[in-house]
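A.B. asks: Chains as they are written, first to last, in the numbering used here: chain A, -7 to 408; chain B, 414 to 676.
Note that these hints are calculated values from the structure, not bench results. Using N, Cα and C, we set each Cβ at its ideal position, and we do this for glycine too. Hints are not guaranteed to be accurate.
[As the list claims (entries may be wrong)] Some chain A residues near chain B, calculated using beta-carbon distances under 7 Å: (1) 258; (2) 260; (3) 394; (4) 404; (5) 407.
[Said to hold, decoys possible] Mimicking PhoX-like on lysine-lysine, the simulated pairs with C-alpha atoms at most 20 Å apart in a straight line are: (6) 406/A / 598/B; (7) 538/B / 406/A; (8) 96/A / 31/A; (9) 338/A / 328/A; (10) 406/A / 337/A; (11) 31/A / 185/A; (12) 538/B / 527/B; (13) 538/B / 350/A; (14) 406/A / 340/A; (15) 406/A / 533/B; (16) 624/B / 533/B; (17) 624/B / 527/B.
[Unchecked claim] Computed footprint of chain A on chain B; a stretch qualifies when at least three of its residues, placed anywhere within it, have a C-beta under 8 Å from a C-beta of chain A: (18) 528 to 540; (19) 586 to 597.
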Amino acid sequence: MAPEKQPQRKKIEATGQMMQIMADYFYDLNEAAASPTRKVAWCTSVGPAELLRAMGFAVHFPENHAAMLGATRMATELIPEANTMGYSPEICSYLTADIGAYLKGVSPLAKAYPGIDAPPQPDVLVYNTNQCRDVQDWFSWYARELKVPCIGISSPKNFTELTDILIDDVCQQMEALIPTLEEISGTKLDMAKLQETVARSRECTELWRQVLETAANTPAPLTFFDGTIHMGPAVVLRGTQQAVDYYQQLLAELQQRIAAGEGAIEGEQHRIYWEGMPVWGRLRQHSELFAGLQASVLVSTYCSSWIFPDFDAADPIRSMAKAYLSLFIVRSDAYKEAYITQMLKKFKIDGIIYHDAKTCPCNSNSRYGLPQRLEQQTGIPSLVISGDLNDLRCVSDEQTRTNVEAFIEQLEEKRC
Amino acid sequence: MTQGFFVGLDLGASRTKVVVIDDQGRLLGHAVKKSGINFAATAAICLEASLSQAGVKREEIAAAVATGYGRNNVVFITEQSKTEIGCHARGCFHCFPTALTIIDIGGQDNKIIKLDAQGKRDSFKMNRKCAAGTGAFLEEMSARLDIPLTEMNDLARQATEMIKLGSYCTVFSATEVLENIRHGKPVAAIIKGIFYSMIQRVLEMDALTEKVVLSGGVVAHNPYLVEMAEELIGRQVLLPEFPQLTGALGAALYAREATSCEV
């Protein structure tokens, strides 16, 4: 058969602007690390970044660095460096890839941003275990290695209702971080500054929500694969004006697409929900695989995890505690089922793909019967694919392709 | 009804299977060969053999569909390739047109496919990246025991006792096998345990509906596995006349349908 032209994902014009603000962010971090007057904090991706920003810290997010290691396909060769030190190949491959990169003295930042050699040296490491225990272990390794303080929040887990008792707990833990951070930064926490930062985070998150919800339109103007790239500012620059400005620009472009009836995928036939982490080293291949099947993977739990409607400038610390406890990942399966069910309806989904990531149990929601329960309740078919976020040794491209093609065949069959 | 002959090619990781059917879906010719390292060449040899058996000339082929891991490696197909999951489903439903659970045990992977009464897929599952329960597991055990694959079925059937293997990991299972040999356990009992382990691993993948079909090369060459599966499931299972050919048959049926759509 003559090869047919495969449908492609439509390019987002605002990408250039996003790359610019991300570059500015990384250069500023690099300068902060070299400056005798500025301080650098490392923070988990859903850690108390607003608190750190309001206190003047330049904030580095190791998860962002680890995702870059994955996307550049550097991770798989670096993970064994950590494995040989006793960090199992079964644990978080963000952790093992990032520590491996440190040990080998390499970083994707060096290639992307001339003049930057490595992530900035930290003055303090601040974690929140709302995602998993691994972030604490990850930061603790650096604390021992670099001899810097490591402080954090141990979040409760697997709850359905977010009660005052839980919020009080995290709120108190967050307040307890302040004296140490004041000592390291050499400045007192200015509550007005924190309020401004939380207000900007709220604005950023609200815009990010609107960006993602454009995909509820048919055809969807953006995909999950776009989301994984464009969520960068929502992760590393929330609380800043640059992030707010950027998402206004992106939203305007997507609204134009909606007005013009343009979808991200040419001839969208199937609307897919992605549950779990992306396979960072296979973003392009997966995007092309789905586009070629005229399937739009248009919404995900993962990208939606940086929507925090609870931020409230009037009550900044408590609202941060609430926002960071509202996360999908930290909730019970009962909550997760209800959440995904309403998303399926809102985005008019035909099928769900669960990525069972070998080294990320907390982001792999196919292990306790959730897909079967949801399929029974909603009638929407699902597929579980095995893989990993960063460790490509756990990924089988042929199995993924066969499974995805067979799943789309199944959706087509049922439609006839 | 479309006139002519239809070809289905199933280029599996272990074996290549080709069938030729007529417009009534009747099997006229077939061939099976080890896939080897040149999928295209193997497919061409199987095609010639199956056409010759069917008494059909190449120019009489109305349509051809490929499936399996090497589905994109052949040049003489005329229609869009289909996944082996779709083709096994289509082939088995052609043999047994009712709501089914299909258990396909292949050389490299296993599949459990559920069909509704119209033959449409409700769900499917493939094994994880692991050899447990696959033909590859059997091949590894055959090598460890230094017993040809072709002799394993009869040995398992003759066994008067069974040594169960506890692990689902092929490497751990091999260690268990060696340990049992060291302790002087009868080889036939070990092989029966290996068969039992294969069926157990497959049945663990998903719940079964009432009518169960077994397909794939492993059951085609090891009929004792079918008996063992029936014992474990607690009821008779359905077996196509040519269990190894259901994927290729499904591909040929897809070829027939594609041509009728165009007409």
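A.B. asks: Which of the numbered hints above does this structure break?
C.D. replies: 1, 2, 4, 5, 6, 8, 19
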